[in-house]
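Participant: One letter stands for each residue in the lines below.
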Amino acid sequence: MIENIIRVWDKYWILFIQGLGITLMLSLVTVVAGCILGFLISLLRMSRLRIFHFRPLNAIAGIYVEVIRGTPILLQLYFFYFLLPEMLPFLNPSKIVCCTFALCLNSAAYVSEVIRAGIQAVDKGQTEAARSLGLNQKQTMMHVVLPQAVKNILPALCNEFVTMIKETSLASTFFVGELMTVYRTISGALFLTIEPLIIVGIIYFIVTFTLSKGVLFMEKKMSASAA
Amino acid sequence: MNKQNTNQTEKGGELIRVSGLKKQFGSLQVLKGVDQVIRKGEVVSVIGPSGGGKSTFLRCLNLLETPDGGNIYFEGVDITDKNVDINLHRQKMGMVFQHFNVFPNMTVGENVTMAPVLLGKKTKDQALAMARELLDRVGLLDKIDTYPQKLSGGQKQRLAIVRALAMEPDVMLFDEPTSALDPEMVGEVLNVIRELVSTGMTTVIVTHEMGFAREISDRVLFMDGGIIAEEGSPEDIFDHPKNERTKEFLGKVLR
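Taken in sequence, the protein lines are chains A and B. When the first sequence is numbered by this note's numbering, its final residue is 227 and no position is left out of the sequence of numbers. When the second sequence is numbered by this note's numbering, its final residue is 255 and no position is left out of the sequence of numbers.
Bound conformation, chain A alone:
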């Protein structure tokens, strides 16, 4: 078996590395776009606009987050895989665009929760102190709350990236070319199931383990520095 693993790696390593490249690109694009969208959603969720006792923006953002968190990511991939080409036939979105779109919307929901939790974790006394000096709500947010919230948020966002690297494997359902798709192609061609799976598993593990350790190191450094 070990001989087989080495043989498969020797022959197809370029395909595995290409697959890893697509996996990383897909995750990175997803998380970056998810961060931007997630930040906007977290703003909606914390908005104070109210019509009588109803807060429309909070409600919209809340429903969005709950629906995304309450349905399987695979279902969301299927949904946009079929929906996007139907909605935007003139753009003729490719498979990978549809998958990226679905993963972005998924990531945004989780990121918005991370940002909201990070902001709310900043001690209320900080806001009170800033307001008592005469700062308005926006100044308090920009100069006092957000700089402190970033420390809570940044490590969690990196963890979201690590999670997304693993989640993108679900996109292999639609053969978009990432690492898990490479596995399916090779195992189909060689009639080998276990050996290429072990190779792919090792690659996933090395990447996520290294990144997680990196995040831990960053967290430690950030809590050590006073600022």
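Hints in this document: simulated from the structure, not taken from any laboratory. A couple of the hints might just be wrong.
Unchecked claim - Below 30 Å or equal to it, Euclidean Cα-Cα: the simulated DSS-like pairs (lysine-lysine) are: (1) K82(B) to K22(B); (2) K221(A) to K124(A); (3) K242(B) to K124(A); (4) K138(A) to K92(B); (5) K151(A) to K82(B).
What the hints assert, rightly or not - Pulled a few chain B residues facing chain A out of the computed Cβ check, cut under 8 Å: (6) Y73; (7) N87; (8) F97; (9) P104; (10) N105; (11) M114; (12) V117; (13) L118.
What the hints assert, rightly or not - Pulled from the structure, derived: some chain A residues nowhere near chain B, Cβ distances all over 10 Å: (14) E3; (15) P72; (16) D123; (17) A130; (18) L133; (19) L135; (20) M141; (21) V144; (22) I194; (23) F209.
Here the structure is a predicted model, which is why all the values come from computation and not from measurement. Beta carbons: idealized from backbone N, C-alpha and C, even for Gly.
Chain A is already provided as a structure; the job is to place chain B on it using the hints.
Facilitator: Here is chain B on its own, set in the frame of chain A:
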């Protein structure tokens, strides 16, 4: 250091007028209609049992708590009016909190200069010069470039006082400024407040330090059950309390 108890009318004009102040948290009525006038230069201590409404009263004065009823006039303006820009008035009301609430993401110096610079009261250089002078007065000048994380509780509270003073307020509000401190650090903070009071700063202080309240105050308010149950000079309150609840409270805390 003992301040002569002066007649209220000898003090300056009216600075804060509170009338019919009411505040409710859920179904709990915390303030049940408080009336009070605080004059320029006056030092007023607020004492009383926990849950009596002391802190809520103080926090209503700069609208950190929004009153449910009544009016608060600060320098003649009704700040409970929704059309008033409360941020402008808060600049004139310094506040010091039980838990310091210094900004951990800024150095000691930045803690002091941030608000005056951001709000356009001072240029960066002016604010820094003032910060150095104020920090020197409370013995923190050598800490100007360190972060609050490295300070003791007493040092943090002195920094918080300086931060409030940097806005050159007309009144200082202290919300149990020594309650979260280790016993050996209470003295250094009280000394700073004592010194501040001697400069004539109008001060309202909620405190459990009875000896200190007696020493520095022109007037003492005893709050219980959401009202000012008794008020008077320190001698009136501490030596000749008339209200039964005041007597009972002082009997417990002054042994």
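Participant: Hint by hint, which ones does the structure fall short of?
Facilitator: 3, 5, 6, 12, 16, 17, 18, 19 and 21
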